[in-house]
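K.L.:
Going by numbering that gives the first Met the number 0, the first residue of the sequence shown is number 0, and it counts up by one from there.
Rather than coming from a laboratory, the hints here were simulated on the basis of the structure. What you were told as hints is all true, and nothing was included just to trick you.
With a Cα cut of at most 20 angstroms, we get these calculated DMTMM-like pairs of lysine to aspartate or glutamate:
| no. | residue 1 | residue 2 |
| --- | --- | --- |
| 1 | K10 | D59 |
| 2 | K114 | E124 |
| 3 | K23 | E235 |
| 4 | K103 | D64 |
| 5 | K51 | E22 |
| 6 | K49 | E22 |
| 7 | K156 | D206 |
| 8 | K62 | E12 |
| 9 | K171 | E204 |
Ranges between beta-carbon positions, derived for each pair:
| no. | residue 1 | residue 2 | range |
| --- | --- | --- | --- |
| 10 | L52 | K156 | 17 to 27 angstroms |
| 11 | F239 | R83 | 31 to 41 angstroms |
| 12 | F257 | L82 | 35 to 45 angstroms |
| 13 | M205 | D64 | 41 to 51 angstroms |
By construction, the Cβ of each residue, glycine as well, lies at the ideal position given by its N, Cα and C atoms.
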Amino acid sequence: MSDKRCSAALKMEIQSQVECYREKDGNVVFNRTVMVIRGKDNEFFWAATKLKLHETSTLDLEKLDKIAINLETVRPLYSAQLLRAPTPVPQDSYIKEPSLIDYKENLTEESIITKLILHEIEALELLRKHPHPNIVEYRGCVVTDGRISGLCLAKYKMTLYERMEAGTPFDKHLFLEGVDRGIRHLHSLGIVHNDINPSNIMFDEMDRPVIIDFDCWQQNGQELGIKMGTTDWLIEGAEFALFENDIFSLSKIKNFLFASSSRKPLTKSTSAAANASKALTPATAQIGGPQDALDSIGKTPESHVEGGKPNTTTPPPAKSCKRTEKQTSLGSI
0 MSDKRCSAAL KMEIQSQVEC YREKDGNVVF NRTVMVIRGK DNEFFWAATK
50 LKLHETSTLD LEKLDKIAIN LETVRPLYSA QLLRAPTPVP QDSYIKEPSL
100 IDYKENLTEE SIITKLILHE IEALELLRKH PHPNIVEYRG CVVTDGRISG
150 LCLAKYKMTL YERMEAGTPF DKHLFLEGVD RGIRHLHSLG IVHNDINPSN
200 IMFDEMDRPV IIDFDCWQQN GQELGIKMGT TDWLIEGAEF ALFENDIFSL
250 SKIKNFLFAS SSRKPLTKST SAAANASKAL TPATAQIGGP QDALDSIGKT
300 PESHVEGGKP NTTTPPPAKS CKRTEKQTSL GSI
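Throw the hints in and build the complete structure from the sequences for me.
P.N.:
See the structure below:
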């Protein structure tokens, strides 16, 4: 390796980043960009800047104020009651690692990041006992030094959002029916996904839809949890996990599939206040109502499955995105 390549390999690099917005005078305005930085020795740091995503390439990461991330605080202890991923991990697997973006705001003994991991595992453990071709395949926890360092999931081709952007043809009616079947299976188990959107539906090798990312899930009737779905893809002002949340999102997926003008960047929301502040897009009104998508498909619900009740991403590789923050949770950079 040349000296130039060695030097590049030793530089800090941005592993993930997200634009954060807040409410101000009734408007949603840019607040900051937060990022996770990988260090020269494979250590991780949290940082924030007033620059937008397209400007962060100019940052001198060495000079940026950073907080070292203690991985033990974001990796929960492994319990033998949980399925452990095979060793070595199968090549056709995707490892979902903890998201470290929220690290600074959650410096507590039991971090929110840790809670989210265990929360998602709870859903995945139930789903592996009741598998479905339109639901992500869970292969167990990846364990490092006695702690859960990732979730082993089947690897899929691409997200619906990526497929629509690429313009590669597929049977949209059949795809929508598959999403509907997956949602009905979740509901038969009492699970509300709460974050059905084009980045959380992937294609398998047979071009079937596969629903992924269960960190927003809750049991039907519970209050929404720490993560609350994606703005404009969840019912405006939603406070509880109800089956109608997913039915509404399915109607949005239908519109996304058949109305090309509806394809726009997704906006993440992590607070009820942020959710309530976002008006529905014009595309939503064109559908008529949450039930329309299901009525057009005409499927009957899957039979109820008895068993344990649940409690509150293979996701595509981490990518830059946007989200909304509560103003009260923001600190100075």
